[in-house]
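Participant: In case you want the letters, here they are:
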Amino acid sequence: MPTFGTAELLSLLPFGCPLLGALVVLLMDPFLVKDRPKLPLAYVGLASMLCAWASLGFLWGDRTVAWSGALAIDRFGLFLSFAIITVGALTVFATTEYARQAGIDCGEYYALLLTATSGMVLLAMANDLLLVFLGIEVMSISVYALAGITRTRQRSIEAAMKYFLLGAFATAFVLYGIALIYGATGEIRLDRIAHHMANTSLLAAGLTFLVIGFGFKVGAAPFHMWTPDAYEGAPASVTGFMAAGVKAAGFAAFLRVLVVAFGAGASSPEVSVVWTDLLWLASAGSMLLGNLAALAQTNLKRMLAWSSVAHTGYALLGIVAGEGRVGAGSAAALFYVFGYSFMTLGPFLVIALLSRNGEDFETIDDLAGLGQRRPLAAGALSLFLLSLAGLPPTVGFVGKLYVFRSAFDGGWIYLTVLGVVTTLLSVYYYLRPIVLMYMRDARRELPVAVPADWTTHFAIGLTAAAVLLLGLTPSGYLDAALAGVLSLR
Amino acid sequence: MTDLLFLLASAVCLVSALAVVTRKNPIYSALSLVSFFGGLAVLFLLLRAPFVAAMQLIVYAGAILVLFLFVIMLLSLKEEELGKEKGGRFKLFAAGLAVVLALLVILPVLGSETARDDFGPESALAPRFGSAEHVGMGLFGNFALAFESTSILILAAMMGAVVIAKKRV
Numbered sequence: 001m002p003t004f005g006t007a008e009l010l011s012l013l014p015f016g017c018p019l020l021g022a023l024v025v026l027l028m029d030p031f032l033v034k035d036r037p038k039l040p041l042a043y044v045g046l047a048s049m050l051c052a053w054a055s056l057g058f059l060w061g062d063r064t065v066a067w068s069g070a071l072a073i074d075r076f077g078l079f080l081s082f083a084i085i086t087v088g089a090l091t092v093f094a095t096t097e098y099a100r101q102a103g104i105d106c107g108e109y110y111a112l113l114l115t116a117t118s119g120m121v122l123l124a125m126a127n128d129l130l131l132v133f134l135g136i137e138v139m140s141i142s143v144y145a146l147a148g149i150t151r152t153r154q155r156s157i158e159a160a161m162k163y164f165l166l167g168a169f170a171t172a173f174v175l176y177g178i179a180l181i182y183g184a185t186g187e188i189r190l191d192r193i194a195h196h197m198a199n200t201s202l203l204a205a206g207l208t209f210l211v212i213g214f215g216f217k218v219g220a221a222p223f224h225m226w227t228p229d230a231y232e233g234a235p236a237s238v239t240g241f242m243a244a245g246v247k248a249a250g251f252a253a254f255l256r257v258l259v260v261a262f263g264a265g266a267s268s269p270e271v272s273v274v275w276t277d278l279l280w281l282a283s284a285g286s287m288l289l290g291n292l293a294a295l296a297q298t299n300l301k302r303m304l305a306w307s308s309v310a311h312t313g314y315a316l317l318g319i320v321a322g323e324g325r326v327g328a329g330s331a332a333a334l335f336y337v338f339g340y341s342f343m344t345l346g347p348f349l350v351i352a353l354l355s356r357n358g359e360d361f362e363t364i365d366d367l368a369g370l371g372q373r374r375p376l377a378a379g380a381l382s383l384f385l386l387s388l389a390g391l392p393p394t395v396g397f398v399g400k401l402y403v404f405r406s407a408f409d410g411g412w413i414y415l416t417v418l419g420v421v422t423t424l425l426s427v428y429y430y431l432r433p434i435v436l437m438y439m440r441d442a443r444r445e446l447p448v449a450v451p452a453d454w455t456t457h458f459a460i461g462l463t464a465a466a467v468l469l470l471g472l473t474p475s476g477y478l479d480a481a482l483a484g485v486l487s488l489r
Numbered sequence: 001m002t003d004l005l006f007l008l009a010s011a012v013c014l015v016s017a018l019a020v021v022t023r024k025n026p027i028y029s030a031l032s033l034v035s036f037f038g039g040l041a042v043l044f045l046l047l048r049a050p051f052v053a054a055m056q057l058i059v060y061a062g063a064i065l066v067l068f069l070f071v072i073m074l075l076s077l078k079e080e081e082l083g084k085e086k087g088g089r090f091k092l093f094a095a096g097l098a099v100v101l102a103l104l105v106i107l108p109v110l111g112s113e114t115a116r117d118d119f120g121p122e123s124a125l126a127p128r129f130g131s132a133e134h135v136g137m138g139l140f141g142n143f144a145l146a147f148e149s150t151s152i153l154i155l156a157a158m159m160g161a162v163v164i165a166k167k168r169v
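Residue numbers (my numbering), protein chains in the order written: chain D, 1 to 489; chain C, 1 to 169.
Hints were generated in silico from the structure; no laboratory data involved.
Note that the structure is predicted; figures quoted are calculated from it, not measured.
Each hint can be trusted.
Here are the simulated DSS-like pairs of lysine-lysine, each with C-alpha atoms no more than 25 Å apart in a straight line: (1) C/K166 / D/K162; (2) D/K34 / C/K166; (3) D/K162 / C/K91; (4) D/K162 / C/K24; (5) C/K91 / C/K24.
For reference, chain C alone in the conformation it holds in the complex (with noise of 0.2 Å):
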């Protein structure tokens, strides 16, 4: 059952993430990445982590593409103005590395035998492991630091943003 699951998840997962990359119109990417998150969600679910799971909806499938998806519908961009397809021979390049860098990844995890089991049974779990209770408790625990810059970043990440759109200086 969880096998299939996973086979599922994963088709859904690599078909719309090339979905994203290749389809012209914006929108149809947009689109696919919530499906591509849709899937992600899912994997994350099997990995027993169902607060990041539902996160994954909430936030990025939820409000982050809605927010691209205005600002693609706001730009509205005409068929000439997105161009012609060009640098055929720089895809095939961007492609070929693309296969390179997923190989560097994939070999070494498929060379592992232990590969499945590295993260123990699921009893070697602490108790509650995934819950928004246990990363409450990592978040203003252990990574209460991170957790705290991450503010200072959002902080500098607003004045950049106001800086480069404001009228006057």
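Here chain D stands alone, though its shape is the one from the complex (with noise of 0.2 Å):
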């Protein structure tokens, strides 16, 4: 019987405090006045979210592992865990008003992005693979539920009914995997499951299903036909969460299970050219696929939901480059995703400010003539826009260096031209709301903005700011990337 410590205590901190956040939420919730706005509500998820915040910084250190070897506290998952938290704080403090207006903003909204963001931070810091699917369970099932939120309006359960259903397929598909990888080796942790030798045919079987699974969550071709209906019909606040949050949080777990597990290191090595065949054809499908779909779209969030499975696209480029590697490729990947979930949340925040009484401002069209009437929202929209297409001087420039720069030193030149290639298309796409904006006169009433709407001005300037600072100076978190993937070995 092992015994447990201190050292176990403070490993629960991370996603401990959003839980206890969302505990406390439902308590206070029936106690609150009714009608009145739910700001308690926000102001207590987001000091769980800060003591989250905080305890990163004190775990951040050398690689330990706690109960049992099920959880790794080391710098990759911390590193996540940053930028998911920071999704969740953002997303909780800054969607009252809107979740006010689209009539969601109860008790249950609130905790439901609390307990999603404890799953994704479990998900990040898993070493085992019981872990991870309960973590891939604890945020899918959370996020299925937020997707549907605004039950009256069709399109949001239609939405939440397709990710509901394809999400559970792809976790009979992770379940199934693990189940063959565990019969193959007879251990569910990670670093184990590297130093097996086993029957190599059943471990590749499984992680055959495993990747599948995976590509399900995190939105790549050919697995990727949930995306546009369920981001468009989802709330805007919701997406946007959805959109930083899933991504990374599914990016730490199919990096740490390939790299830790299935990597160059592993006793059968055979089994990373497996996945490395299959995760070079999803990156190319998703790229192409996820570029061209979108050039066509007249809906922002539709666009963007193409625009996200052309980014993890990107991210794949960046895991193949690192093959398994704990070196460039994997850390640009890692840089990718954290810099990715920045980029692509700040759009949706926009889209829930302009929004009014539940109906999404979601039109490129209606983006006309915003550039004079909201000034400060245009340019915020125009740097995430410029970020996701990958122009300097923001992360989106520095995160696609990178991945196309390991890509090509590993040797994968076809795949770093397709790369290139669908960057430059994808410009068309993103400039033209920009243009839209500031060329065009407006053809309907703009919003204006309201006093309660200074949360998610506030939130907006930080995420652009991010965006900035991550783009300007990089090397700090470029490090704090391979220091995360190094510590993996």
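Put the two chains together into one complex, using the hints given.
Facilitator: See below:
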């Protein structure tokens, strides 16, 4: 019987704090005055996120494992948890006015955001396949419910239903893969799977299932079918959280499983060929399909959904270039996902800012004239779109640069060329909203700012600052990403 | 004797699993699922996991399937509401895909000659392997965190169900 001590209790903080916040929010909700803004709930949520944030700094250090090796406290997990918790905190804090107008600012909205964050952090820190599965489920179940929370709107329910059915299907793949891997090795701990001489063909089958399941969760082609509908139908605040947080957490587990358990250092290195083959196909498909489909969109949320498929392709390119080694390629993928979570959260926060009474401000043509009427919102949205397009001086540029360089150095020339070409293609659809905002007159009345929007303004400002800061002085964060990947060894 | 039991239980499992997906009436599907769970419990027993076998019967065949049946009967679907059988080509595709996936799993297992003895002889197992005590020690020992995390999962699922189902936010 193992004994657990202080180290175990401290390791609970990063995901325990949001969970505690969720419980407090649920208990407080009935005691609040009805039909008044539920600001106290947002503040409790924010406070619990800040505690989790502080605990990350406290735990930052050399790799240790806790709970009989189920949980890894290493720079890799903490680095991405930093992005996840920031995204969660900004969403909880910044969308109170949006939620009030959409009629969803109930206790459950905040509590589900908090449990989803808790699941994401658990996923980023999980060191065995059982916790990987549980983290995926806690995160996904919360997000399914959040996607359908405006359940009087048909599109929202449709989004939640599609996301739920396909997500459950993907979960079954993950679980089956885990079962086969356990059957082949007799282990669920990632670091032990790596050192286990196993029945390779069974291991490869399990790995294939696992990759398919993860492919669904991060929205990689050809498993991306749910993305456009789910992103379009879910309320804007939830979509931003989904695009940034779910993707970051999914990639955290994906990268950790591939590098630690099936990487180049594993005792059956032939399995790393299996996933590299699967992933370079998925990467090429996502980059092509995502960017081509985004060209034709007229709805901003739908366009961003297709763009998220494309960005999944770029992040996968980094993983492929890493080939399971603890080196530059994996670090580039990690940094890319880190930066992406900020630049994709931003546009959705702007949409949430401009939406009134639960009707999302989402048609690209509606953006016309925004540059004169709402200069700050238009400026921030332009910055985020430029970052998504990969133009300097933003984090999108640095991230793409490192991914492409490591892919080129790794000998993936054709894939790198495809990445560069699709990036050029993407500039067209990212620039179109900017052109509309500054060079056309408004076609319809644009919503004016209300005082309660200050939290959203504040969060957009912070996100924009992060996008610029990461783009101008990336070296510290790149070093942290490299240290994170090195801590996987 | 063990081989005979194995063949019998696997046959029950295969036939009833096929029945679950091919029956048109959802009640028949749910009842086939019960018999599938029964066969699965026997397989677990043969794998020296009596506790899991008992849980399989009590939780799945007992509690969850009864809920399934309740829901189906409450909805009381009429013949016409179930709709016409459609998508023949799609079904063929799905069946083909299922066969490919099954082969993907079966072939590696058949390919390894030692598949049967991978788990070693009975003496290699921990004493009281598969008993409730053994499972309990695992749940509160090595797998304590995973065990506790399932409660977060259940909490999230509960909140989600409430928020989707309740009348007024």
